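Q: Work the whole structure out from these sequences, hints included.
2 protein chains.
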Amino acid sequence: MGQHISEQFDIELGRIRNDFMEMAGLVEAVVRDAVNALVHHDVELAQQVSERDAAINRLEVTIDDLCVHTIAKRQPAASDLRMIISIMKACTDLERVGDEAGKIAKMARALASSAYPRDQYADFRTLADLAQNILSRSLDAFARRDADAALAIAPSDRAINELYRRILHDRTEEMRADPANVDRALNVIWAARALERVGDHAKNLCEYLIYQVRGDDIRHATKVLPA
Amino acid sequence: MGQHISEQFDIELGRIRNDFMEMAGLVEAVVRDAVNALVHHDVELAQQVSERDAAINRLEVTIDDLCVHTIAKRQPAASDLRMIISIMKACTDLERVGDEAGKIAKMARALASSAYPRDQYADFRTLADLAQNILSRSLDAFARRDADAALAIAPSDRAINELYRRILHDRTEEMRADPANVDRALNVIWAARALERVGDHAKNLCEYLIYQVRGDDIRHATKVLPA
Numbered sequence: 001m002g003q004h005i006s007e008q009f010d011i012e013l014g015r016i017r018n019d020f021m022e023m024a025g026l027v028e029a030v031v032r033d034a035v036n037a038l039v040h041h042d043v044e045l046a047q048q049v050s051e052r053d054a055a056i057n058r059l060e061v062t063i064d065d066l067c068v069h070t071i072a073k074r075q076p077a078a079s080d081l082r083m084i085i086s087i088m089k090a091c092t093d094l095e096r097v098g099d100e101a102g103k104i105a106k107m108a109r110a111l112a113s114s115a116y117p118r119d120q121y122a123d124f125r126t127l128a129d130l131a132q133n134i135l136s137r138s139l140d141a142f143a144r145r146d147a148d149a150a151l152a153i154a155p156s157d158r159a160i161n162e163l164y165r166r167i168l169h170d171r172t173e174e175m176r177a178d179p180a181n182v183d184r185a186l187n188v189i190w191a192a193r194a195l196e197r198v199g200d201h202a203k204n205l206c207e208y209l210i211y212q213v214r215g216d217d218i219r220h221a222t223k224v225l226p227a
Numbered sequence: 001m002g003q004h005i006s007e008q009f010d011i012e013l014g015r016i017r018n019d020f021m022e023m024a025g026l027v028e029a030v031v032r033d034a035v036n037a038l039v040h041h042d043v044e045l046a047q048q049v050s051e052r053d054a055a056i057n058r059l060e061v062t063i064d065d066l067c068v069h070t071i072a073k074r075q076p077a078a079s080d081l082r083m084i085i086s087i088m089k090a091c092t093d094l095e096r097v098g099d100e101a102g103k104i105a106k107m108a109r110a111l112a113s114s115a116y117p118r119d120q121y122a123d124f125r126t127l128a129d130l131a132q133n134i135l136s137r138s139l140d141a142f143a144r145r146d147a148d149a150a151l152a153i154a155p156s157d158r159a160i161n162e163l164y165r166r167i168l169h170d171r172t173e174e175m176r177a178d179p180a181n182v183d184r185a186l187n188v189i190w191a192a193r194a195l196e197r198v199g200d201h202a203k204n205l206c207e208y209l210i211y212q213v214r215g216d217d218i219r220h221a222t223k224v225l226p227a
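Chains as they are written, first to last, in our numbering: chain D, 1 to 227; chain U, 1 to 227.
Please note: incorrect hints may appear among the correct ones.
Any copy will do: because identical chains look the same in the list, a pair fits if it lies in one copy or spans two.
[What the hints assert, rightly or not] Computed cross-link-like contacts, BS3-like style, restricted to lysine-lysine with a CA-CA straight-line distance of at most 30 Å:
# : residue 1 : residue 2
1 : K103      : K73
2 : K89       : K103
3 : K89       : K73
4 : K89       : K106
5 : K106      : K73
The set of hints was computed from the structure by calculation and includes no laboratory data.
Quick caveat, the model's predicted, so the values are computed rather than measured.
A: The structure is reproduced here in structure tokens:
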């Protein structure tokens, strides 16, 4: 009977993890498409990003429900419980990454009718690469419960913040130099800020994982990771 | 024995709710002080806001731990479980409201050395009143588990978004009119955006509460609130 319950728990946990990875895949796709829509002035692709928001929101609610039901029915031990709660929190962050992709798509539509900038959005592209990279690595670490990988990710967030500040600085200079640049510069700033927020959410995923593993370890006294 | 467990559960729940209200009080205070620091160019007050961030973060971790321990030890029924999980999610939002207060404080420091704007930050003050009002009402509704009050709050968030867009529009006009306005206008935009985010987090609190109550009600089939 104990084994039966444990098998049921594993099945439900497997379903939660599958849905989570499906949601992660969707979210990574909308970020990628939103960035491409912006740098290629592709209004149609931007529109598609906005249309996929509902599917992401639905997955968040589904995962949330599965998690609550699993906790209520299976009454998992502290370590399993903390893992499920981490997934619930991670879902909330993923949903907000989807929202940031929506903001980038909105800026893509606003920018599509303006002239291509001289730098071909070079800094923005670099920032987008960094943000997509940290998101992908954080999701990998989260899926594999790899706290060491999560710990190694923090410096990437600092690099994103630095580049974001440079973009902010350079676009502000542009606005000061010529008021005609104000609208385009602001739109690029908003889109860059959304990418900076994607980096923050990726870092949150890592923190949930480290906290989860560290919390377990303190309780079970096997190994303590640095805070 | 069943009664003993139920009493223990009530005691732990009471402690979680107390800590949550303490955290809510701290967060409301830093938002208020950050706004005052900005409109009065008070660098010292802005500094105090930043220094209280650690206390808010500590409370978030404490509440989170209490919640996980209570779920693991007391194995609450679905409705109690959903309430505890709502509190955990609400804490995350409260902590981020604290972060937004920190951003306003940062802008307060940046603006303190510039000349007082002609409008005496009139729109910003109005936005701040709206944001503080929705935060306070959402926390009240959350504490009293008043889903009807939570449902009535949504229109306030729309008013905040509209005023934020007007501030964004007016400050953009200012930048177009004279490049000398760029820095001050941008700082006001960032601070206004932080207030707009406070409104979003307040709305999240309401959504957790409605979802929690609606979830309970669907399960217990007593009353169903509109989604």
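Q: If a hint holds in the structure, say so; if it doesn't, say that too.
A: Here is what the structure says about each hint:
1. When the C-alpha separation of K103 and K73 is checked against a cutoff of 30 Å, the pair qualifies neither within a copy, at 39 Å, nor between copies, at 42 Å.
2. In this homomeric assembly, K89 and K103 come within 30 Å of each other (Cα to Cα) both inside a single copy, at 22 Å, and across copies, at 23 Å.
3. In this assembly of identical chains, the alpha carbons of K89 and K73 lie at most 30 Å apart whether taken from the same copy (20 Å) or from different copies (21 Å).
4. When the C-alpha separation of K89 and K106 is checked against a cutoff of 30 Å, the pair qualifies both within a copy, at 26 Å, and between copies, at 28 Å.
5. Taking the closest pair of Cα atoms, K106 and K73 never come within 30 Å of each other, the shortest separation being 42 Å inside a single copy and 47 Å across copies.
Violated hints, in rising order: 1 and 5; the structure is consistent with all others.
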